[in-house]
Each structure stands twice: as structure tokens, then as C-alpha cells.
Amino acid sequence: MSKSHAFVRPTDDPLWLKALLGATAIGFIVLLLLLPLALVFQEALAQGLGGFWKAIIDPDTLESVWLSLAAAAIAVPLNTVFGIAAAWCVAKFDFPGKAFLVTLIDLPFSVSPVVSGLIYVLVFGMQGWLGKSLAAHDVHVLFALPGIVLATIFVTFPFVARELIPLMQDQGRDEEEAAATLGASGLSTFLRITLPNIKWGLLYSVLLCNARALGEFGAVSVVSGHIRGETNTMPLHVELLYNNYDYVGAFAVSALLAMLAVVTLALKSLLEWRYADELAAVHRR
Amino acid sequence: MLNVDSVSKKFGRFAALNGASFVAPQGGFISLLGPSGSGKTTLLRILGGLEFADSGSVRFADLNWLDMPARTRNAGFVFQQYALFRHMTVVENISFGLKVRPRRNRPSRSEIQRRVRDLLELVQLSGLEKRYPSQLSGGQRQRVALARALAIEPRMLLLDEPFGALDAKVRKELRADLRRIHDHAGVTTVFVTHDQEEAFDVADLVAVMREGRIEQYGAPADVRKNPKTQFVSEFLSA
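Protein sequence lines, in the order shown, are assigned to chains A and B.
Residue numbers for the first sequence follow the numbering used here, so the first one is 666 and each next one is one higher.
Residue numbers for the second sequence follow the numbering used here, so the first one is 159 and each next one is one higher.
Just so you know, not all the hints are guaranteed correct.
Claimed, not checked - Result set (DSBU-like, lysine-lysine): computed pairs, CA atoms no more than 30 Å apart in a straight line:
id, chain 1, residue 1, chain 2, residue 2
1, B, K168, A, K757
2, B, K330, B, K168
3, A, K757, B, K257
4, B, K168, A, K864
5, B, K386, B, K330
6, A, K933, A, K864
7, A, K864, B, K327
8, B, K327, B, K288
9, A, K763, A, K683
10, A, K864, A, K757
11, B, K257, B, K288
12, A, K757, A, K933
13, B, K288, A, K933
14, B, K383, B, K330
15, B, K327, B, K383
16, A, K763, B, K168
17, A, K683, A, K933
18, B, K330, B, K288
Because the hints were derived from the structure by calculation, they are not lab data.
From just these sequences and the hints, can you work out the full model?
Written out as C-alpha cells, the structure is:
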């Protein structure tokens, strides 16, 4: 090392330190992320592919898959719209109470999901504010799809807004102002200027939001009522199967969930790799 | 005629503009000159419709200028940091203002193409049509921004320290080009700068600003020869 002393960059570290840090990071990832994930797949296939397949095509399991997908299909688009609207408000305008609004957007992250679920029970439950009048009109929110969707929306609300606010603040208002002086309407400015500039951040946050919407347990657990084959989402179904000692079933559904996550992340990486140039151009001038 | 009459604007408790007034002829080239915090950018942004005056009025070409929203003023604005649309090519940037017009007064596609070509020639950027802003130098970016502002055939051209981020040589070139373009298009131009050499070199009329007011206003030679106040003479000798 002393031979090449003059060529050592000031930011370069000795080899043993680099090796140590690298090994620690990789060891950590293998031990805490990859190993458990591999174990899930191993358990799911404990009785071979046939056993795995039988567990998946169980009607109650299929119903839970459908319910999870339906809840995400409603919650994610709505949260995309809410998130864009919130980020647009916060990043492009000044108004009193802005700091409070930003704090409010973070609320679902800081509140325990179980508490979020209980809020809905408090509002829509039979002992709650709206429960009786809703029941009189035969509207069911709790222990049904609407409650599950509401809980999912609440828990996953910050994903899109949180990702977009710093991005939009970083990009500033100059381009929107330029568009206005050039005669563009508000809608046209949004569609032609704002949206193209945030599309990668938006895509990323929608993918994350979707992953969390499919995986949400706590809040949904409180409002769903755990009715097998009716209001059990995939994570709830995993718990139910596990508690019934149906390990192959539990791990098969877990493997499905894990695969959804892997596909989500792979999709994100693929897009980032494919559009790396454009991404760099949009992020920084 | 551009008639700016006692325009005031506060940001919280800070008075950015404190009754600024001046009158300029149609087609004039006015420089707003002053130290930072003197209110020149705020006045320019009010003229562009990007900021709203608390009081005062602006009449321009017999229009109640301040009652019109930014997008109907047809005032081309050039920003210090260019504010080019970063996901659009040079051509797309320049044609933006024409493409977003409502159909009835939108030029035809071939007319837009022709106009963009002429503008590229005017700002000397022919050959760079397909580039993105990130692939251009600072001087080239500001030329694109200038062409974009001119594409809408503006009633007024507003420039906010447009050459502030550029090196001295490019500044000089662009300054001469700007004057040439102004004389060619004949559009009323308001130019904000803190560089007195730039202000005096390029404009027909110079307004020296201080603490939200116009301290002295007149032809460059007059202002230079007879500074009205100590502030002006000190600012000019700095």
C-alpha cells in the first residue's frame, strides 16, 4: 500500500475495512432477508408442487386472493389521486396550515395500524356514530369489502404523497410558472409539465403502495371480522391457516405474497434500468 | 404605453415594493437596476402575473394589466434559472406556447414548424432541435428560453436576471443578441439586473431601485451623468 501511496484517493478506505463492511452488510441481508424468504418457499413446497397447488386452489384461499386484489385495485388508484393532489398542494402553493397538513399526511405512518382499524370500528360499528343508521339502510361497512378498502386506504395513504412532496419541492415552481406565462391552462400545465416530471417517482410510489396494500394486516384485521372465504384477505388467511396447523397452506399463501413483492421490486428495477437516461435527465439538470 | 403606478407588495411584514411607479413608451427597453432586496424581481413578477400586487395599478396598451391572469397577458417571461421543460426537446420547448393555445387560434402544424425554425435562426441555435435542456450549455439554454418566450409573439418581454448564471463572455454576446432581437421584434421589454454595466449598455431607460421604490429613472446617459441621490451615485460608482 505504501508503494502506491500518492495515488490513494482521500475518500478511499483500506481493503480490510471495505471487506469487513461489505461482509457485514451482505451477511445481514442473507441472514435476515434471504434466508427467511427461502424458508417460506421451502415450507410451501414441503409436500411437493402438488401440495402447493392444492393449497392454492382451495376455494377459501382463492377467495382471499381475490379479496386482496380487489381491495388493492380500489385503494391504490384512489391513493394515487389523493397523493398527487396532496403533494401538488404542498409543493406548489403556500398557505397557512401547510406544516400541519404535512404532519397529517404522516399520521397513518405514526399511528399503529390496529388503532387505525379501531377508528373505523368506532365510526361504523354498531356501537359507533354511524353504525345504526347505516345498518337501517342495509349498508355494511365493517366485516365487508368497504371496511377493508377504507382501512387499506388509510394505512397506505402516505406512500404516494410522501414520495412526491420532496420530489416536487425539489423541482420547484419555475416550469409551471413558465407554462402559465406561455398561456397554458392549469389542467394543461399539470398534464404536460407536472405529470411528466414526476412520473418515475409516481410509478415507484404506486408500486410500494400496492405492495403494502396487499400485505396490510393490522388495520384490516380489526375491521374484517375474519370470516373465512368472505372477508379474509391474504395476510389474514395466512394467520388463520397457520393457527389451524395447516403449515403447507399458510406457507403457500405466504409464498404467493412474497412473489408479488418480488415481482413488484423486479418491475421497479427493470424500469429504472430501461429508462436510466431519461430518469437522470428529469431528476437533475 | 406602459404605466406602472404606485405598486406595493408585502411578503408578511417585509415590504418588497413600496409604491413603485414609472412610465415607458410602447416598444421601449427598460432596465430595473438595484441591489438584491430592492424589489426589482418582485416588480417584474407582478408585471408577468406570477405575483399579485397589494395596491397600485398597471396600464399597458390600454389594458388593465393587473386584472388579467398570467396566461392571458401574453407576456413572455425569461427566468434566471432558465425554467426550460426538462422532458422536452428544444423544438418542443419553443413550440409549447403555440401548441397549448385553444384550437381556434392555434397556428397550423406547418406554421408552428416554420415559426420555430425562424426563432432558432434568430437565437442562433439551428442544428440543436432534438437536444434536451440537460444536453445544452447555460448560454444555449437561455437562448432556448428566449426563443420560447418570443414564440408566443408576446406583447411584453420580461427577463429576470437572465444572464446572471453565465460567464462574462457569454453574457456580453447574449446582451448584444437580446438588443438585436428587441429591435427586430419591437416588443416592450423589461429587464432585471443588478449589474449596472449590463443595464446601461442594453436599455433605453434605466430605473434604479432601492427598498421597493424607484430612486431614479431616465435615459442611461442622464442617470450616469446626474445621479439624483447619494444612493444612486454610490451604487453607480461601486
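**Q.** Restraint status (C-alpha distance of K257 (chain B) to K288 (chain B) at most 30 Å)
**A.** holds (17 Å)
Q) Is the hinted pair K757 (chain A) and K933 (chain A) satisfied, with a Cα-Cα distance of at most 30 Å? A) Between K757 (chain A) and K933 (chain A) the Cα gap is close to 27 Å, so the pair holds against 30 Å.
Q: For the pair supplied as a hint, K327 (chain B) and K383 (chain B), confirm whether the alpha-carbon distance does not exceed 30 Å.
A: Within the cut-off at roughly 27 Å; holds.
Q. Hey, K386 (chain B) versus K330 (chain B), does the alpha-carbon distance stay inside 30 Å?
A. holds (28 Å)
Q: Sort out whether K757 (chain A) lies within 30 Å of K168 (chain B), counting only the CA atoms.
A: holds (20 Å)
Q: Take the C-alpha atoms of K330 (chain B) and K168 (chain B), compute the straight-line distance between them, and say whether it is at most 30 Å.
A: Roughly 34 Å between the alpha carbons, so the hint for K330 (chain B) and K168 (chain B) is violated.
Q | Holds or violated: K683 (chain A) to K933 (chain A), with C-alpha atoms at most 30 Å apart | A | Holds, at about 28 Å.
(Q) Can you confirm whether the C-alpha distance between K933 (chain A) and K864 (chain A) stays at or below 30 Å? (A) Status holds; Cα separation ~13 Å.
Q | 30 Å limit on alpha-carbon distance, applied to hinted pair K168 (chain B) and K864 (chain A) | A | Between K168 (chain B) and K864 (chain A) the Cα gap is close to 36 Å, so the pair fails against 30 Å, i.e. violated.
Q: Measure nothing beyond the straight line between the CA atoms of K327 (chain B) and K288 (chain B); if it is 30 Å or shorter, mark the hint as holding.
A: holds (26 Å)
(Q) Does K168 (chain B) sit within 30 Å of K763 (chain A), going by the straight-line distance between their CA atoms? (A) Holds, because 20 Å separates the two Cα atoms, which is no more than 30 Å.
**Q.** Hint consistency between K330 (chain B) and K288 (chain B) [alpha-carbon to alpha-carbon, up to 30 Å]
**A.** holds (27 Å)
The earlier numbered hints that this structure contradicts are 2, 4, 7, 9.
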